[in-house]
Amino acid sequence: MEKRPGKQLLELTVNDEFYELAVEPQETLLEVLRNHLGLTGTKEGCGTGECGTCTVLMEGEPILSCLTLAMDCRQKKIQTIEGLDRGEGLTVVQDAFLQQGAVQCGFCTPGMVLATTALLEENPHPSQEEIKKGLEGHLCRCTGYNKIFEAVEQAARGKSRDGDLGSV
Amino acid sequence: MDKLDYVGKRVLRKDGPDKVTGRAMYTVDMEFRGMLTGGILRSPHPHARILNIDTSRALKLPGVRAVITAQDTLGVKHGFVETPRYPPDQHPLATDKVRFVGEEVVAVAATDPYVVEEAMDLIDVDYEPLPAVFDAEEAMKPEAPEIHPTHPKVEGPFHNIGGKTASGWGDIEAGFANSDYVRQDRFESHLRTHGYLEPQATVASFEPDGKLNIWTSSQGPFIKRAKLARTLGLPFSTVRVQKAYVGGAFGGKIDLFSHEFCAALLSMKTGRPVKIIVSREEIFSAYRHGQPLIVEVKTGAKKDGTLLAQQFKIINNAGAYRGSGVVVIFLAWGFAMLPYRVANFEYEGYSVFTNNPIRTPQRGHGAPQLRFAVESQLDMIAEELGIDPIEIRMKNARRSGEQLPNGDNVHNCGLRDCIQLIDKHTSLREKYGQGRAAGSSDRMRRGIGIGVSSYFGGSLIYPNSSSVVVKMNDDGSVALLTGAMDIGQGAETILSQIVAEELKVPVDEIQVTAADTETTPVDIGSWISGNAYVSGNATRMAAGEVRKKLIDLASEALEANADDLILKDKRIYVAGSPNRGLTYQKLVSASIQERKGDPIIGEGHWRTMRDEPFHPSLASTKGRWSENYAFDAQTAEVEVDTETGEVRLLRAVTAHDCGFPINPLLVEGQIDGQVSMALGHAFLEEIMMEEGRTLNPNWLDYRMPTIHNMAPSEHIDVITEKYEVGQPYRTKEVGEGYVSAILGAIANAIYDAVGVRLFSTPFSAEKILRGLGKIK
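Going down the list, the protein sequences come from chains B and A.
Heads up: the first sequence is residues 1 to 168, going by the numbering used here.
Heads up: the second sequence is residues 1 to 776, going by the numbering used here.
Please note that the accuracy of each hint is not assured.
As the list claims (entries may be wrong) - Quick list of in silico lysine-lysine cross-link-like pairs, DSS-like style, CA-CA up to 27 Å:
id	chain 1	residue 1	chain 2	residue 2
1	A	Lys9	B	Lys159
2	A	Lys586	A	Lys568
3	A	Lys9	A	Lys471
4	A	Lys60	B	Lys7
5	A	Lys211	A	Lys269
6	A	Lys570	A	Lys471
Honestly, the hints are just simulated from the structure, not real lab data.
Make a model of the complete structure from these sequences and hints.
This is how it looks when you write it as structure tokens:
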């Protein structure tokens, strides 16, 4: 048996909480989130960066956590689907996905919701082409995308209690 | 008639909040203390004899807790079909031979995935490769290598026949003789896969008391329990299959898979929980895909378009074991019989073993392939006869109340309305022919086409029926216990709507316990398009019994006639006197006090075709098939680039008779999803194989539709049935029929645009350019 390289110390912030973790150098961010932190809302559909289900936000930008080495996230701020929960109910984007019927099996949903949140933070009134561009890396097999598209449009029209993308 | 408050409404999914917040737990998310990781070593050969398996080096690797081969099993076989004619033919782990690349040979449980991988490298399997065959027609030839002996009841010189379906009625020769026009065509379809986003996965936990707990990504727990118990030699009472959320299935997660058996046996061997997650590459290259069919169809028609005779020969490439191959050749017969009346009909279908991975149902289970052939040929016949695509379909479409040749009845059939309404909605007849008439100088050409389909809603395969329990809680809220598995279609939501309607309790006050073989009653399963009808009626009956008990109590307490009582807001009052009433909470406590402790529980059971003992014969089609048929017509409008051969689907319309939609929002989701899947079938998706090996086992090379391929999808509801509180209802399926007609519609639209007739899927740019004479 080959001896594995030793664990290394990783410091990062996930959903506003600071963590110090001992991780193996080959571990991905996805593995750390799911296996070390129990944040199973982030899903693995393929493990090779093709489906978008493992999307999380790093410094507000969507990334594929299955292709990101955990050690490359040192001192970074990560947000997962669980991080949208401020104890105040569904966010504008989550509510729009629910209202429009954009959720079926739900496996792609966390990645879709985070990608939509990032898109609308960056560009509150995206054009149809910009919506497609924003979600092009995300596969959904159930909906045919029509209702997801409508959900993004609803979320772009909607505003939270505080006028942002927070809880409705 | 009562006004409906919940059924027929756009009620939001009950599981929606869990899914948008990431709280929904799928099988892959299950974690237990001390859990081991399992993995499976697969055959690298398409056909080989196993000479020796040496696991000794792997067993010595630190961290490895168990290694199992066929020798550790009871040797009990299983199969998608398990009947006297078609007995089970798959071993959970290969014994003496492997018959496809990826067949399961050895399974390992270890402390982490890295150790599992290292252990696999230390297992030595000696194989003696055997000649292999991959093409169904090649495999039928007498000189082909034998994968399994031809079924003893199939006559003829063919090799490797796993099963045959033969059926017919009328006088086929006379039918052709009396026809004014006869043509024969051959259509072929290609290999595709389900593309569920959640990988197959199983967690097994064998408890010290002998209980085997299973969580597995599936389409219903009861068939999994039956097959696990039988192959492991355990009584049903010790195997508990429980719900986890399911991330899509589309037919691909129905019967027993090796990883489920292996996770269970590894947990039994080690006494530790074992999780196996199947990698995406394994799913693409070794798991069960859909079924490519060869459809030869000869049709005779009168000058006015009346179909007089139709003769089919179907060949299915079933892969290395029987799988659902002998079902798809039965179903293709049914999908040929359903929408149009044909007086003289002859059908034969062959399921052929090849050294490819096993096949399983894939949404539509043969209907898209079959309807593509029939609907394409129908347009060719119409053109020859000088009649339009609507007229020829109206001439032959079935009418309400019509008896089918197999003895079933179509009951209220909205097919003719679907065809007429879709023509009006799309102006098909006005547009049809304009693309081709536009002149060959236009680079971009548009066309429109139509297809028709029909699909059954529930039939008699294990577990045949659904039962449901509805219980009142002390506070007047309600609990629903159902064995139904919500695979994303919304089963739990629509069943809750039915309870809500019968009892006038808000949907969000209904707690659902679902899909647990130990605590919920049996359910027909989410793979035979019977959920809305079979499980739905069982739910209606269970809630109806609760309703009756509540009304009886209220009638007595309020000294009022039961007919004069109104249910509203968890309360029963006397019509005209809203103050003379009792809350459900009061009625429940009254029941407990006065009715021997009865807390008010209702049960309901529903079995389709209750007087039929069995499913119809897969071999002869004799026997009743279903009592519930949905119908649809679909149109496609396309734009073809005559320079590149690329086709864009501009608009898809689905006119459908689903009885009535229990939840229009969910029905729309089913329609959109099926149109998208058909678009993938038509243009994008293909599993490429060479010598039994998959060349594109990933989503970069197996191209599923992305948001850039989103098809504008419209729908027209043709309502033929209704829901009334307290009455049985006959709504129809919406999950499989609408992936079926659209494929033929797209082929017909391409022809309408550029005059190129396609006889095989996918509708690639290359085939279109060849048809246009632009390439050789």
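Verification of the hints:
1. Lys9/A / Lys159/B: holds, 26 Å
2. Lys586/A / Lys568/A: holds, 14 Å
3. Lys9/A / Lys471/A: holds, 24 Å
4. Lys60/A / Lys7/B: It holds: about 25 Å lies between the C-alpha atoms, which stays within 27 Å.
5. Lys211/A / Lys269/A: Distance of about 13 Å is within 27 Å: holds.
6. Lys570/A / Lys471/A: Measuring from Cα to Cα gives roughly 14 Å; hence the hint holds.
The structure agrees with every numbered hint stated previously.
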